[in-house]
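Asker: Chain by chain, the residues run as shown.
There are 2 protein chains.
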Amino acid sequence: MKFSCNQQILSKALNTVSKAVSSRTTIPILKGILLEASSDGNLKLAASDLDLSIEKTVAVNVLEEGSIVVSAKLFIDIIRKLPNEEVEVEESEGSVTIRCLASEFTIVGQPADEFPNIGEIKEETGIRIDKEILKEMIRRTSYAASIEEAKGIIVGVLLEMDEEGMTMVALDGFRMAVTRESMENAQKMKIIIAARILNEVNRVFSEDENIKEVDMIIDEKKAVFLMEGARIVLRIMEGEFVKYKDILPKEYQSRLKVNRGEMIDCLERASLLAKEGKNNLVKLSIVRDKILISSRSEEGNVKEELFVEKEGNDLEIGFNAKYLLDALKVIDDEEVVMEFNTNVSPCLIKPLEGNRWYEYLILPVRISPKAF
Amino acid sequence: MKFSCNQQILSKALNTVSKAVSSRTTIPILKGILLEASSDGNLKLAASDLDLSIEKTVAVNVLEEGSIVVSAKLFIDIIRKLPNEEVEVEESEGSVTIRCLASEFTIVGQPADEFPNIGEIKEETGIRIDKEILKEMIRRTSYAASIEEAKGIIVGVLLEMDEEGMTMVALDGFRMAVTRESMENAQKMKIIIAARILNEVNRVFSEDENIKEVDMIIDEKKAVFLMEGARIVLRIMEGEFVKYKDILPKEYQSRLKVNRGEMIDCLERASLLAKEGKNNLVKLSIVRDKILISSRSEEGNVKEELFVEKEGNDLEIGFNAKYLLDALKVIDDEEVVMEFNTNVSPCLIKPLEGNRWYEYLILPVRISPKAF
Chain A
2 MKFSCNQQIL SKALNTVSKA VSSRTTIPIL KGILLEASSD GNLKLAASDL
52 DLSIEKTVAV NVLEEGSIVV SAKLFIDIIR KLPNEEVEVE ESEGSVTIRC
102 LASEFTIVGQ PADEFPNIGE IKEETGIRID KEILKEMIRR TSYAASIEEA
152 KGIIVGVLLE MDEEGMTMVA LDGFRMAVTR ESMENAQKMK IIIAARILNE
202 VNRVFSEDEN IKEVDMIIDE KKAVFLMEGA RIVLRIMEGE FVKYKDILPK
252 EYQSRLKVNR GEMIDCLERA SLLAKEGKNN LVKLSIVRDK ILISSRSEEG
302 NVKEELFVEK EGNDLEIGFN AKYLLDALKV IDDEEVVMEF NTNVSPCLIK
352 PLEGNRWYEY LILPVRISPK AF
Chain B
2 MKFSCNQQIL SKALNTVSKA VSSRTTIPIL KGILLEASSD GNLKLAASDL
52 DLSIEKTVAV NVLEEGSIVV SAKLFIDIIR KLPNEEVEVE ESEGSVTIRC
102 LASEFTIVGQ PADEFPNIGE IKEETGIRID KEILKEMIRR TSYAASIEEA
152 KGIIVGVLLE MDEEGMTMVA LDGFRMAVTR ESMENAQKMK IIIAARILNE
202 VNRVFSEDEN IKEVDMIIDE KKAVFLMEGA RIVLRIMEGE FVKYKDILPK
252 EYQSRLKVNR GEMIDCLERA SLLAKEGKNN LVKLSIVRDK ILISSRSEEG
302 NVKEELFVEK EGNDLEIGFN AKYLLDALKV IDDEEVVMEF NTNVSPCLIK
352 PLEGNRWYEY LILPVRISPK AF
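Line order of the protein sequences matches chains A and B.
Residue numbering for the first sequence follows the numbering used here, beginning at 2 and increasing consecutively.
Residue numbering for the second sequence follows the numbering used here, beginning at 2 and increasing consecutively.
Don't read these hints as lab results, they were simulated from the structure.
Note that the structure is predicted; figures quoted are calculated from it, not measured.
Heads up, some of the hints might be wrong.
All copies of an identical chain are treated as equivalent in the list; a pair is satisfied when it fits inside any one copy or across any two copies.
Here are the simulated EDC-like cross-link-like pairs (lysine to aspartate or glutamate), alpha carbons at most 20 Å apart as the crow flies [what the hints assert, rightly or not]: (1) Lys152 x Asp173; (2) Lys20 x Glu210; (3) Lys136 x Glu185.
Chain A extracted, bound-state conformation (with noise of 0.2 Å):
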């Protein structure tokens, strides 16, 4: 194998597959990137963690076709620090030289049947989205999925479409995440994908403006994300989802409209008395047309009052501040709706109206008496 391209474009194009490097694994092929030159002159790059895999192609001027695999850290970190200028690079009996101006590197390679077969699909069942579209979605929800990998399917990200579009869904037992988009073409199928893969899908989603369009295929085990130049193919995750429809409540005793960039700000600084015991208790007194905010520690104690719209009934209830904070802040809408029914029911924060739909479902925290 040999091909020579620019170190921008190289660099940019393994800045992309090194978001499915594996961080953790003992497995050594794990930890590099494929380099596979061809005749028709492209290269590709392709790097896998088994969840997430990322194959790049990128066009260069291929002199022997061929292909090998590199240790990801050590070549992204070479062609990074090499200047903006043509870079060589040659397999030569599993070593790989890279050679550009007067700098020349040699490190050791793997054989490229050694990586993992990333898979062939039958695509059937795509479908385009809309990348912007994905991507909100993904930000909008994969936050509130549960982070401990023993929680099972929660750690994933429900995605699921009918004819009229798509609901993502997360939750992790304190909160959960909604939001729904209406797609044209939408087909009916449901897949649970886990929120650290979507994470970094996004990562790759955030690189090139350009593109603006994803065609997603979905087989049996794996989800696939076409782009120019790129696909993505993600694990399917196997189990049921929670049935988050029935957990939404269908009615209100007290429903508030928030200015939500003054109700971060106050629960912010709520939260910097809060930290005891780490559950960040604030407690929430809406009487009338304001919400008092107060928390306390054994450093000392804070109170905020905020005014707002209310409909209903007066309430005393407590939260864990940094999951109302964590909703209130991928939404990007001025002004929310809060609705509540009593101090042990969930709060659920939603647009005040408009197309862009979410529902952020979040628990109280029982508040005992001598807390505040």
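Fit chain B to the supplied structure of chain A, relying on the hints for placement.
Answerer: Below, chain B without anything else, positioned relative to chain A:
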């Protein structure tokens, strides 16, 4: 104690004194910031870790004289999170209440008389120094001091003044940095201050570009830097510094004129394969009008070539690339001179010419024939 002032002004002053707050102490009062409001309309803020103390004075609206110590971390976080509006701070029965618009915090305080006395000084041997020069000299030397507290005096930087100017010296047994600037009104003196402290002082120096000058006052045990509105007190280390002049080589066998930026790039790339055993070993082969830089590890090897202007002998010599890089990176000149004697004697990096005067000495690493 009661005062009010703009949030930004208070936050900025806190940022300055925070650099002297001890991060590792078990003494609660040293985790605090002293607030002292006087009838003359000044608020004095102070922090101290006993080695370094910083006092800042700002004009505020004093409603009631008094003083109290508050938790540095909590008070700074609270003030930082408040909006850019008038903030009122009031002490009452050992607690401190902070009010701003609809926010109200109450935090516990500690008695001001428990705060360490930063100490008055007999202001005699003062000298006015250009702040930028002082900052530059610290930057050009402090990195070379030892970071191992157990190494004693070499964790410090020597500040030596004679009638013509000031010299700063730092070393750690593997390299040495010497820099000198001529100064008017200089006076004979010699002190050693911990590099860690000087680095904090440099962060304070960087904060306000409008302040051009610093008055340095030396006491028996303390050095004081006086600036507009701020006083920095530094503990002077006891002991004799290494006789650095004896270490500086008087002659050379090889003398190179090197492009600093190119040398940095080559060394950084060579370092990628020099991590083994963490000693960053690179070999410099000075042959005719070139330096060949090479390195190898289990993962591969690298060769770099750099054209230089040479005077004297060819030479093959090994270095810890980090030590060369550290020195080259604090220099601003486009080109530098590197002087060598044998492959077991130190390399000296110095300027081509000009007023800015520095000498960086780096000990070589013995290279076994097997390593390359």
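Asker: With reference to the structure, classify each hint as holding or not holding.
Answerer: Structure-based check of each hint:
1. Lys152 x Asp173: within (8 Å within a copy, 50 Å between copies)
2. Lys20 x Glu210: Within one copy only: 18 Å inside a chain, 41 Å across chains, cut-off 20 Å.
3. Lys136 x Glu185: within (17 Å within a copy, 62 Å between copies)
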